[in-house]
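**Student:** Residue-level listing of the chains:
There are 4 protein chains.
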Amino acid sequence: MKTKLLFLCSLMASLIVTSQQHEHQSSRPLSFPDIPGYKSLKTDLHIHTVFSDGYVWPNIRVMEALRDNLDAISLTEHLEYQPHLEDIPHPDRNRSYAIALEEAKEHDLMIVHGSEITRSAPIGHNNAVFIKDANPILQDKAEKAFAEAKKQNAFVFWNHPAWHNQSPTGNPILSDFQKDRIKNDELHGIEVINSVDYAQESLALALEHNLTIMGTSDIHGLIDWDYTEKGNQRPITLVFAKERSIESIQEALFAGRTVAVYNELIVGKEEFLVPLLKASIVVEKATYLRNTQVLEIELKNSTSSNLLFENVSDYTFYDSSPVFEFKAGETKKVALKTLEKKNEITLKLKALGCFTAPKVSPTISWTISPEN
Amino acid sequence: MKTKLLFLCSLMASLIVTSQQHEHQSSRPLSFPDIPGYKSLKTDLHIHTVFSDGYVWPNIRVMEALRDNLDAISLTEHLEYQPHLEDIPHPDRNRSYAIALEEAKEHDLMIVHGSEITRSAPIGHNNAVFIKDANPILQDKAEKAFAEAKKQNAFVFWNHPAWHNQSPTGNPILSDFQKDRIKNDELHGIEVINSVDYAQESLALALEHNLTIMGTSDIHGLIDWDYTEKGNQRPITLVFAKERSIESIQEALFAGRTVAVYNELIVGKEEFLVPLLKASIVVEKATYLRNTQVLEIELKNSTSSNLLFENVSDYTFYDSSPVFEFKAGETKKVALKTLEKKNEITLKLKALGCFTAPKVSPTISWTISPEN
Amino acid sequence: MKTKLLFLCSLMASLIVTSQQHEHQSSRPLSFPDIPGYKSLKTDLHIHTVFSDGYVWPNIRVMEALRDNLDAISLTEHLEYQPHLEDIPHPDRNRSYAIALEEAKEHDLMIVHGSEITRSAPIGHNNAVFIKDANPILQDKAEKAFAEAKKQNAFVFWNHPAWHNQSPTGNPILSDFQKDRIKNDELHGIEVINSVDYAQESLALALEHNLTIMGTSDIHGLIDWDYTEKGNQRPITLVFAKERSIESIQEALFAGRTVAVYNELIVGKEEFLVPLLKASIVVEKATYLRNTQVLEIELKNSTSSNLLFENVSDYTFYDSSPVFEFKAGETKKVALKTLEKKNEITLKLKALGCFTAPKVSPTISWTISPEN
Amino acid sequence: MKTKLLFLCSLMASLIVTSQQHEHQSSRPLSFPDIPGYKSLKTDLHIHTVFSDGYVWPNIRVMEALRDNLDAISLTEHLEYQPHLEDIPHPDRNRSYAIALEEAKEHDLMIVHGSEITRSAPIGHNNAVFIKDANPILQDKAEKAFAEAKKQNAFVFWNHPAWHNQSPTGNPILSDFQKDRIKNDELHGIEVINSVDYAQESLALALEHNLTIMGTSDIHGLIDWDYTEKGNQRPITLVFAKERSIESIQEALFAGRTVAVYNELIVGKEEFLVPLLKASIVVEKATYLRNTQVLEIELKNSTSSNLLFENVSDYTFYDSSPVFEFKAGETKKVALKTLEKKNEITLKLKALGCFTAPKVSPTISWTISPEN
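Top to bottom, those sequences are chains A, B, C and D. Under the numbering used here, the first residue of the first sequence is numbered 404, with each subsequent residue one higher. Under the numbering used here, the first residue of the second sequence is numbered 404, with each subsequent residue one higher. Under the numbering used here, the first residue of the third sequence is numbered 404, with each subsequent residue one higher. Under the numbering used here, the first residue of the fourth sequence is numbered 404, with each subsequent residue one higher.
Simulated from the structure, these hints should not be mistaken for lab results. Here the structure is a predicted model, which is why all the values come from computation and not from measurement. A couple of the hints might just be wrong.
Given that identical chains are not distinguished, each listed pair holds provided it fits within a single copy or across any two copies.
[To be verified] For lysine-lysine, the following DSS-like pairs were computed, each having C-alpha atoms within a straight-line distance of at most 30 Å:
1. K544 <-> K762
2. K703 <-> K554
3. K633 <-> K735
4. K633 <-> K688
5. K703 <-> K582
6. K672 <-> K762
7. K703 <-> K751
8. K753 <-> K730
9. K535 <-> K554
I would like the entire structure built from these sequences, with the hints used as guidance.
**Tutor:** Set out below in structure tokens:
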């Protein structure tokens, strides 16, 4: 009898519980700092419910997103794949969106209207988001679906292009279909992270064809079962938006201002990934140890991701290994052997788990003025 | 892309994870020993899905039940309360059952066909389980619904009779409606535990009117959110059945052979609760400490519930407090001061968290022959 | 090289770590509220170091006590049992005290000067605390040792009187020696809890002979290994002192104002245990649930012990079991069915794990005025 | 009263507890596989007790080592720094060794006889292990102490050469003293890891002067407080010995067959570190995913250290990030996109947290024959 109330209240309880999690786990509520000029918005734009081949009502997706501290989600039901059609014979393909919108009304979560255009290879699966009406996008011919999406000013991205069910080598194959869509400005993004899978070949395609880099959960079941209870976070696209609004997210996606995040894996164009990492590590204090030339620097990882760094400064560390993990939310000290006392030094860390291109990890610099 | 597969596989992974939980928590997979003459079957016969006012597809309920190690569940959709009717306009009220049956096919879980007959007070909510067809039970007049359920040989129980929404004092009120149903053999059980709520006045009614004692989750959202992540187990009815079959469960329910379990709270008639507790604590070893008259006894709690005991033996404990918690699955030693070496002694423990009637906790005896 | 510094700093780090422990465990830093007229001081007056048969230097005992949040400790080295005498041939039996005093100087921990007078049965082991000089207490005849302790105005208590090594039945035997000491005002207290052992027969002796009730760790190795890592807290004597000073502790012990605490087991005279429990549970809020006669009361357990209660109010609970565990530091709600709205009600809880006499658990009452 | 027994038994209990630790933590009991031709023995040859400036009796060191699953320890008391001399005026500097030997008698732990020769810079601190008699090593002149150590056939290593108390830049400075000792075959090893500190400049010295690479805890307080409760493991030297004996360890140390280990940091000469890592990762299965050219490989990390790898194979991963952490004891799958089905492939992983020289991480290769 109390169940409904409990259910609605469980969100707040869970936020409290998760904030007390063991320090060595990454935390469930996702968190990233803004970068100069932009807000860093956490989005998951590839999600299913019972209105296509998912297994929960749209309200659960809203609650999951609130638990994960997301800013925006899109319920992208397959237009063409409807295994529950017998039971949910909805003539209006906007229902999932409408229900989520209603559920989110009293919460600080943006619902982006979206749909998944679903075909076999070489067309594959594609998400159209920021649509106005899902119904006319359901078309016999894929080309017509993409044209309609464009007409609605949708942002369209290619889902899991490296999926072995559609590409047995596990590599994405850019067919004429995609080339035409890109040429026609009907395909704008590409998933480099889909669910638990990352393909660096998809990243290569994104860079080569200037497609927006996307990361999504593609969740069908429960976020708890597929991610959280295995110690993982849901994959997201971090969108660098001028303000916290759906329109700004749309503008940012068309402009390619994103990085994809899955746990400690962060993938994006250098111009966004570098400032994100720079903002993520906060220098809290820097002091020379008494009677030494050893500079102790206190750093804080302000993100919800564990980060992996290699010290590539001009100076070696006094005590820790040059390769070290920096846990989500952790404050830690590193000590540089500067050989003489300096008024200013540069700390340079290579972010080993982050990629601006296949096999390319960015190096971030912080200029530090010791206190004494 | 991998999501569906992952989702289907998550069950096994979770069973592994949960078995490694902290020793001081009760474990998620529920477990109770059989009692002489009967199998102890774990059932939850009050569950909702999107087919009434719940929020998940029936397959999730099957997976939750497998994670909880249940033997049988029933999806008891409200016949009269259908908030998702606009989207799920099913003319056949048996759909939820059919989908669960299909999902459970490859698993060792029994699906009991059921429905909830839903009225305001004084009739209240009632579950009819082991029905053949839910459709004819949907009736204008409650009396007719109960009559149809009886025709189908359904076992019917009164849900959350103490619910303050229907009884502002929080006490169950047995109206003429219930009295008539009992007289007509149309009402056979009563929930003494519904979701997180236990009412000892409902237990009093069960005993007075010889109604079968029931405990159910009444879950609408997710078992994980409403129970597991708060450190609780889902409430169940433990059914003492002649064999592991739906027919045997039905026979046992009509015969009143149950106890209701919610975490460390276990409620049932003395004739079933006492043998259950007796079987639950296994005496593994009993030896006199060298050169003393102190008898050390090794006991194992073979259930998934923490149990609370008070030593009421003729002998006091040597070292532990007479009131002690016995964790789920734990092996622990108690030491009795028998004053002289005995060939046989009786260990008597009062089960403080278990009730055979309001405020009445049973005492269990084990006859023990020391090894030396 | 950094080790010493690290070692000294580890205390603060550990306090932070332990405060984040899992909510279902009792916490390491012990905490109990004051009672009307008295401060509740946490003491452990039975401890060993390398200066008798223990295995650590006295400074470790100071650090352990600070981690446990104690107010006072006494290093009570055996005067007569000196297994490390070959290596530590100290002519002055006050060394252990002196070192601890030095170590504690910069910390908020009181060091009580003490020694253990060690004999076989029937005299047994006895601790003399608040002594001035340990050396003259080392005597051939036990009677002389007790006389010297009295001369120094020491508070003397009988250690583990139920120890099966000295009493094979596991029951304490009050010999003429003890009777004489009591008569001569040379024996003032008795351990009812020693290390992990509780003997209710020792409690009976305490009550019969008006001896002060004591609980001690009797630690020889590491508190972490013997208690903490097994999920236990160290046993203590809670002393109700007029102020936070060694003199006040001494006065309170002579006056018998104590309770012994080991995890959830709390043992003491009714006049101290009842006000302690009353202060331990704080009523934070009481409101009637809307449109009902169900009074929801928010309670906080302000102690570091899990407490076990049975509702023995005039009203039954709306939802929870009448027997329930109240975790250390937890805030929880109970709901009373008062049948009509009251301006004032009395909540009565029996503290099942607490004892004022063998098998006697106290009942505590709180008068509550609902807000609406 | 039970305390002593409990203390002695606590070891086994703790081994059980620690084996159930959270899967994401490295485990307390250290474990590494043997390498071809040698046993991998876990040693800590720099430890203090109350017999110099430590704070525990030698038996605690034996118990700590057993909990950590070590094969050998050495209690290396400072010969010249004796802060407890007033209380422990031992004329025989072999006492600590003798007590540990007695304590270890019934356990499978080797006790290496050792001492620390303690001077200020430039001589610094040096451990002599496998000595016969500590007393004659106590000398006014350091040269004489080293000569005596050599006479006893001791293996001598330079402790924490980068310690800022002795070298304010935090860099080790090889003085004429060390050069002479090396030339005279009186100095054989160098700590590159001391307590929580790693200095790659010390590693450079080791390689340049062919000194044996050492890692030690230098523990003075408790392993639990300085390492375990902070989520760290104690630093050790892994010695590759022909058999499990003190003589074999001595032979291996003179021959330079070691790697130093502290958590995920593993430092050693390439000829030992590469086979260690190769043995550490076990290929359990390799199968092509159905209808694909994606080869799934199941790997097991058989060590107690989390390891950090980068995929540098000729093939990219199908799903995981090329940079990944491999937890202690974990079994995980990686999938290679081999583009066509191969009968044999080579998996190449660079061990990012392991060093064979400053900034040089080794790459390990495994030849794998897929099953299908």
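**Student:** Could you run down the list of hints and mark each one as holding or not?
**Tutor:** Against the structure, the hints come out as follows:
1. K544 <-> K762: Answer is neither: 38 Å inside a copy and 56 Å across each miss the 30 Å cutoff.
2. K703 <-> K554: Answer is neither; intra-copy 46 Å and inter-copy 52 Å both fail.
3. K633 <-> K735: both (26 Å within a copy, 13 Å between copies)
4. K633 <-> K688: Result: close only across copies, 22 Å inter versus 35 Å intra.
5. K703 <-> K582: neither (44 Å within a copy, 42 Å between copies)
6. K672 <-> K762: Cα proximity of K672 and K762: in one copy and across copies (13 Å, 27 Å).
7. K703 <-> K751: within (15 Å within a copy, 34 Å between copies)
8. K753 <-> K730: both (16 Å within a copy, 22 Å between copies)
9. K535 <-> K554: within (10 Å within a copy, 52 Å between copies)
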